[in-house]
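Protein chains: 2
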Amino acid sequence: MAEGCGLNGLELRSRISRDGVLELSLQAVAVPEPAADEIIVQVEATPVNPSDIGVLLGPAALDAAEFGGTAARPVVRASVPAAALSAIAARLDASLPVGNEGAGTVVRAGADVVGLLGKRVAVFGGAMWAQYRRAKAADCLVLPEGTTPRDGASWYVNPMTALGFVETMRQEGHTALVHTAAASNLGQMLNSICLADGIGLVNIVRSPQQAALLRGQGARHVVDSGAPDFTAALTAALTETGATLGFDAVGGGPLAGQILAAMEAAARQAASGYHHYGSDRHKQVYLYGRLNTGPTIFERAPIGFAWGLGGWLLMPALKKLGAATEARLRGRVTAELKTTFASHYTAEISLAEALRPETMRAYCQRATGEKFLILPQQGVG
Amino acid sequence: MAEGCGLNGLELRSRISRDGVLELSLQAVAVPEPAADEIIVQVEATPVNPSDIGVLLGPAALDAAEFGGTAARPVVRASVPAAALSAIAARLDASLPVGNEGAGTVVRAGADVVGLLGKRVAVFGGAMWAQYRRAKAADCLVLPEGTTPRDGASWYVNPMTALGFVETMRQEGHTALVHTAAASNLGQMLNSICLADGIGLVNIVRSPQQAALLRGQGARHVVDSGAPDFTAALTAALTETGATLGFDAVGGGPLAGQILAAMEAAARQAASGYHHYGSDRHKQVYLYGRLNTGPTIFERAPIGFAWGLGGWLLMPALKKLGAATEARLRGRVTAELKTTFASHYTAEISLAEALRPETMRAYCQRATGEKFLILPQQGVG
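Going down the list, the sequences are from chains A and B. Reading the first sequence from the start, the letters are residues 1 to 381 in the numbering used here. Reading the second sequence from the start, the letters are residues 1 to 381 in the numbering used here.
Do not take every clue at face value.
Same chains, same names: a pair is fine if it fits in one copy or spans any two.
[To be verified] With a Cα cut of at most 16 angstroms, we get these calculated EDC-like pairs of lysine to aspartate or glutamate:
no., residue 1, residue 2
1, Lys-136, Asp-37
2, Lys-136, Glu-33
3, Lys-338, Glu-358
Worth flagging that the hints you see were computed from the coordinates, not collected in a lab. On a predicted model such as this, the values are computed, not experimentally measured, just so you know.
Can you make the complete structure from the sequences, with help from the hints?
Right under this line is the structure:
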């Protein structure tokens, strides 16, 4: 173990025991001395992303959770179904830190990177729901002058995902995109990028309010999956844009299959003659989220044979795109942090508040438009 | 239109009218004179493949079919649901020939290919459920000495599909295979190829009888999807073979997802540590058939993020593999037509018998192991 650097801080931890009990708590830990190439960041802002909730809860259901402890040191317990334990065998009894990304101020710096002391930086890579985070200096992004930790907290997951969609589109030979849950923070970023870059984007939303929000931001193609003319409107938008690649945050239910079927209908309208096996134009939908955790269901007859469904995950996708592309995308995020990649939060909360029943219910509901920002230095009792 | 060559023959035709009536019948047509590079083949044997049934019936259901006409000139009529017509708009009112492949004797030959007269050849490319078939000589395969039309009738679809699976496996960087409906003619061929080439193959069957059949043919890994230990047996076989690519003839229901989940379970057992998003080993299942025409259903949690599902179709797959590979595969089929690629038929029938109720019900049932061979020169009244 590294020697302590004299600082102590709280970390939010998630632990699932072998007998199937999830426990969430704040742990006071001594912050280690940084190595020569490392820094200690005092975390000032870190968002609650859907991807954090998976690590936080595992397969436990929030409905039956018990909220105990004190206001300053809450403890949440929930039981995990025995059948779900084998899939997470490797995490049982381990105390896992949570939180993919955040930003703050460098309060300790190793010998090789002392110049970073006092700088504001953004960090990605886990364990950010904490007051302090040790990190390799090379993995951090020094925030530009005039950028606050609030501005930089969500610098990685959503911006790099939105840019990753566009780069994947280019890599795989498509020319336009479909996106679901399109009114999300991520969706709004993608819309801005596509408008700026002249890329056709079909935004699928779930309410007229979300449609109005995106149209207000200049979106050209917005279809409401709840509207009675959804299929026809989607097919028309696909015909106009020529989109043959979709990114779906919903995952469960019929939506991904409906997108493939509408892509195929658009392709058949554009083709001449009868092809028993359908269009030979390849249609692809990647499932990158789990807003609907139920099973995915699709019919094959309306989609022909030239189709693919697959998982899409940011880190492997970036790896496939290559280091040079990733560096280019990071540069764009830094330059446009307060414009294209600005995030909007419903509420700011402390680490302790992140474990209160009403807060947890709100962020675990995964409703588009609800987004929380944790300020780990706030309300420490 | 080309001038007639003096021959007349029957062709089985499928027509769906704009008002939604399917009509199957035998049409007497004048055989055209072949062009300089063409031949006329007197078709002596042509199989009923699952892929033919799609063209034959379209979206019509056989249950409500009416069987009329005479014994020598049967006519089958069935109604097509109005909702299904838009997807097949391009074939409405067209009289479509049926039958992907077959073999016979060259009875007319164009000026450039007179040397083929009297030869036995195999043909692929549609319109084979007929007494005569005009074809480009270059598209035909001259059958080796001692090979009958019965031996050569199923020379293309199943053999090239089985070989195509293996080549796709190599092209996409996998090292072993999973196959469903593995006791089919195609499955038996694939098993022979994998045994000969030393490729790990997990055969998924639906009954103990099918398992015994494949084991009798030397299959090393056979799992029965109806057995209570299916998931455990499949995972064990995937661990032993390292198969991360599956070809699924069933299509509907949970099977493809079960295969992906078992591949992921095998990959997680082999990995160390806890990875919230699952294994990063890519797992792929291609759906190439529709034995179950119901919706495809899968759960995402057990399969992680590194997975793909997609359609697989022989002709585009061969195109992707390239002309040199296709030529090599054709050469292997020719050399092993009476061994590896021998087909087994349940019954031999005439063109007229192919439209009888009991025959149609048998081949449309798509039961593994049932396979019909049409002899178009037989029983012509």
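So, going through the hints one by one against the coordinates:
1. Lys-136 / Asp-37: Within one copy only: 6 angstroms inside a chain, 71 angstroms across chains, cut-off 16 angstroms.
2. Lys-136 / Glu-33: So Lys-136 and Glu-33 pass the 16 angstroms test inside one copy only (12 angstroms; across, 78 angstroms).
3. Lys-338 / Glu-358: Neither: 30 angstroms inside a chain and 72 angstroms across chains, both beyond 16 angstroms.
Hint compliance for this structure: hint 3 is the single one not met.
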